[in-house]
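K.L.:
Spelled out from the first residue to the last, the chains are:
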Amino acid sequence: MFSERNSIWEPFPLPENTLVGRMVGPLGLWFQRKDGECWVAVSRDGADTPPDEWTRWALRRGDHSVRLTPLLPDRSVVVKPEYDIRLLKNTHVRTYTRVPIWVALDVIGESSVRLTEIPTQILSNTWFGGFTDGETCYGLATTARREMPADLIEPHQAVCIMDIRNHSETDLKVDRVCLRVERLSLFSKDGHLWADDTDITFEGEEASVQIRTDGRAPVEVADAVKLVEPRQPQKRGLAERAFFFLRNETE
Amino acid sequence: MTMDLGPLTDHISPAFLERLLIGLAFLTIALPLVYLIRSRIRNIVTKKHSEHYGMLAAKVVHYVLMVMVIVIFLTEMGLSLTPLLGAAGVLGVAIGFASQTSVSNIISGFFLIAERPFSVGDVIQVGNTTGVVLSIDTLSAKLRTFDNRFVRIPNEVLIKSEVINNTRFPIRRVDVAVSVSYGADLKAVRDLLMTIAESNPLALQEPAPVVNFQQFGASSVDLQFLVWTNREHVIRLRNELNEEIKRRFDAAGVEIPFPQMVVHSS
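If you read the sequences in order, they're chains A and B.
All letters in the first sequence, in the order written, are residues 1 to 251 by our numbering.
All letters in the second sequence, in the order written, are residues 1 to 266 by our numbering.
Heads up, a few of these hints could be off.
As the list claims (entries may be wrong) - FRET-style restraints, in silico, Cβ to Cβ:
{"#": "1", "chain 1": "A", "residue 1": "E117", "chain 2": "B", "residue 2": "I107", "range": "49 to 59 Å"}
{"#": "2", "chain 1": "A", "residue 1": "D133", "chain 2": "B", "residue 2": "P259", "range": "38 to 48 Å"}
{"#": "3", "chain 1": "A", "residue 1": "D45", "chain 2": "B", "residue 2": "A177", "range": "28 to 38 Å"}
{"#": "4", "chain 1": "A", "residue 1": "T91", "chain 2": "B", "residue 2": "I113", "range": "46 to 56 Å"}
{"#": "5", "chain 1": "B", "residue 1": "A251", "chain 2": "A", "residue 2": "P51", "range": "36 to 46 Å"}
Simulated from the structure, these hints should not be mistaken for laboratory data.
Here the structure is a predicted model, which means the values were calculated and not measured.
Just so it is clear, CB atoms sit at the ideal spot from N, CA and C, and this is done for glycine as well.
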């Protein structure tokens, strides 16, 4: 299991009637233990005092500490590059995108119980698919960097890597990509979070896009420690929509 | 088997009484069993398919089993079904002529089930009535309106009328009419509206929000602000957009005009 010391992901004790605060990027989390209950407050305004609104959970006898666990978002993320990327036929591009994580709150006693999951940053919703069939995803604008310097990675972000291959006979215009984050694992190295590679191969037809995730740390951080398993089981060679070209005829 | 039934046997033969008891015992077991099977079938089909098909399967199973139970009961009682069926045929023709509306509703019900313009749980609009479909029955569909009234709409009406299904598709468009004064900077207004859409988490990024020019009105320039959202957020998003438009327009000094007339006197 996780072994990086002094990490925000290490469990911490929750003494009776003591205010405990933790920051994960812009997300402020405050905890209190009162009368056998765990009180949790959330803020995103950077304030160093808790907001007035608290949520209370009744604790089990023996629950004594709290652990924060990083998670990738609970829905796929549609990544929209700042500028369209065009892939000539039989070319390949490797891009890096920083995705805001979620934080799971677990109380620990004899066993661990999950209280809730909270996004560090509220992402807009977007639709991926046609007007009669598709899925709600989170929308994220990205610069789709070709490299990811460590100083750009913030504590509330996970770096997701996409290898996009154009095996078709035509050019591929990438103006948005659906990143299936629910099938990705999370790894940690030097306090930075990384997800495993997503390999997207475009064969020329929307239906024949092949998406692969391997569950291993990316080569950039090959010795990273695996923190979290994917929310959904990984499937090799999954044929799923990664590109969709939605036209709004109602304008 | 002999039974001592006392004075009852003065009026009813012991053999008939025995058959009656056996028949009643059969009903005591069979009827709860029919309801149990109906309930199980409904749960299984609902889980595997949808509530609509669950309800349909339960009805079919219920009617088939009930007919079987009645036939077995009558046979056990020693009644011949042939004259009954003959009478039912004659009676059926008579009833058919007398109840054309009901028959039309039943047939319309079959078309509704086959065509499936809506299902149990959908929000539909028929004429001036909007509500959640509670059930689609033999003669009518039942709706619950949003102010919690019960509405029964005959199947024939549903077949003949325009039915709008508000929840068939997963995303919906919210149309907001926006009027600004002739002095307003339209580009600034457009940018402001797009910012409002971008900052609302209920508004979908894609399909992208749109600001359409509608017309030069009598007292205002009329625009249409189109924003997409998930179907369950339509009303909430409409409220939030309108409130935010008012707030941002006030802050930016964009005038929302009211009808006015310029009178020149000579």
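K.L.:
Could you see if the CB distance from A/D45 to B/A177 stays within 28 to 38 Å?
P.N.:
34 Å, holds
K.L.:
For the hint 38 to 48 Å, verify it against the beta carbon of A/D133 and that of B/P259.
P.N.:
44 Å, holds
K.L.:
A/T91 and B/I113, beta-carbon distance inside 46 to 56 Å?
P.N.:
Cβ of A/T91 to Cβ of B/I113: about 53 Å, so the range 46 to 56 Å holds.
K.L.:
For the pair B/A251 and A/P51, does the Cβ-Cβ distance stay inside 36 to 46 Å?
P.N.:
25 Å, violated
K.L.:
Is it true that the C-beta distance of A/E117 to B/I107 lies inside 49 to 59 Å, as the hint says?
P.N.:
51 Å, holds
Checked against the numbered hints above, the structure violates only hint 5.
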